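**Student:** So for the sequence shown, numbering that gives the first Met the number 0 puts the first residue at 0; every next one is plus one.
Possibly wrong hints are sitting among the right ones.
Listed next, the in silico DSS-like pairs over lysine-lysine satisfying Cα-Cα at most 25 angstroms (straight line) [what the hints assert, rightly or not]:
#1 Lys82 <-> Lys49
#2 Lys82 <-> Lys23
#3 Lys23 <-> Lys49
If you're looking for bench data, these hints aren't it; they were derived computationally from the structure.
Please read all numbers here as calculations on a predicted model, not as lab measurements.
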Amino acid sequence: MEHKTKKDHKLKTLVSEFENDLEKGSLKYFEEKSYNQLIDYYESENDLEKALDVSDLALDQYSYRSEFFIIKSRILIRMGDFKNAHDLLDKAEIVAPFENEIKILRAKILAMSGDTDEATQILSDLKNLSVNTDFVDILLCESYVFEFLKEYELMFNTLKKLLQLDSTNTEGLERMLLSVELSRSYKESILFHKDLLDENPYNYLAWYNLGHAYGSTQEYEEAIICLEYSYIINKNFESGYLDCADYAFQIKEYGRALDCYQELIRQFGEDGEYLILIAECQLNLNSLKA
């Protein structure tokens with residue numbers, strides 16, 4: 000625990016140092032490890048613009064490293080800028096022509112752009128050569144192919160295979176939630192995520208997905224409990240608070256919804272939208288008492 004606290008403190012110091020330099024317009028160079036930590040942090044916060052800023056700075060210093068071309072391309076894909084992402088992969092391939100991740104990201108761009116035949120061919124070729132870590136990325140990319148083709152059950156089953164290999168894969172878990180909604184595989188999702196949680200009870204996104212599966216089968220009490228676990232495990236998981244409160248509000252558990260919103264404000268600070276939701280809970284609680 001002490002080691003984690005020290006690690007968190009170092010990361011906060013690094014982020015603060017970078018943001019102060021960014022504000023002053025006097026950015027300085029960092030070690031490769033520090034760039035990776037900053038990019039991971041901003042991606043986890045969904046602040047893709049800042050993640051892009053860091054990747055640009057890293058490329059200025061380490062233009063010979065394919066890793067940062069790949070990282071920047073990955074960020075651009077998340078932002079939907081496929082053309083620039085593709086151009087960066089061309090540059091990465093000059094530096095590292097045999098890097099499988101470059102091919103996987105190309106296939107992902109093709110799949111998300113609708114060219115599923117070429118994406119499938121690239122993935123098929125890669126499967127014959129891949130190691131387990133690559134196979135996870137291949138399956139993730141295949142899920143985009145199946146989504147575009149509206150083969151939602153295949154998408155769901157592909158993501159199951161992925162999560163059986165890597166149960167904490169963030170993108171895989173996020174896409175699993177989407178695939179469950181698209182395929183309406185709610186009962187299968189409940190069984191699957193219970194198995195994941197037997198393996199790792201601190202998997203906050205698995206709790207989140209399980210909560211939504213219960214909610215979709217109108218098992219609201221179970222949904223609320225699971226969503227509570229998601230934000231108890233990860234106090235920075237805003238969606239967990241909001242969706243837990245939403246289910247509680249739906250079943251007229253206004254006190255529980257109010258607790259969620261108040262905890263949200265304690266964690267993230269006051270926000271006009273949250274204050275309105277709190278007021279709605281308080282109005283309904285007063286109506287019940289009247």
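**Student:** Please go over all the hints and tell whether each is borne out by the structure.
**Tutor:** Hints, one by one, checked against the model:
As the CA atoms of Lys82 and Lys49 are separated by approximately 20 angstroms, the hinted pair is consistent with the 25 angstroms bound. Proposed proximity of Lys82 and Lys23 is contradicted: the alpha carbons are some 31 angstroms apart, above 25 angstroms. Between the alpha carbons of Lys23 and Lys49 the distance comes to roughly 15 angstroms, so the proposed pair stays at or under 25 angstroms and holds.
The structure shown violates just one earlier hint, number 2.
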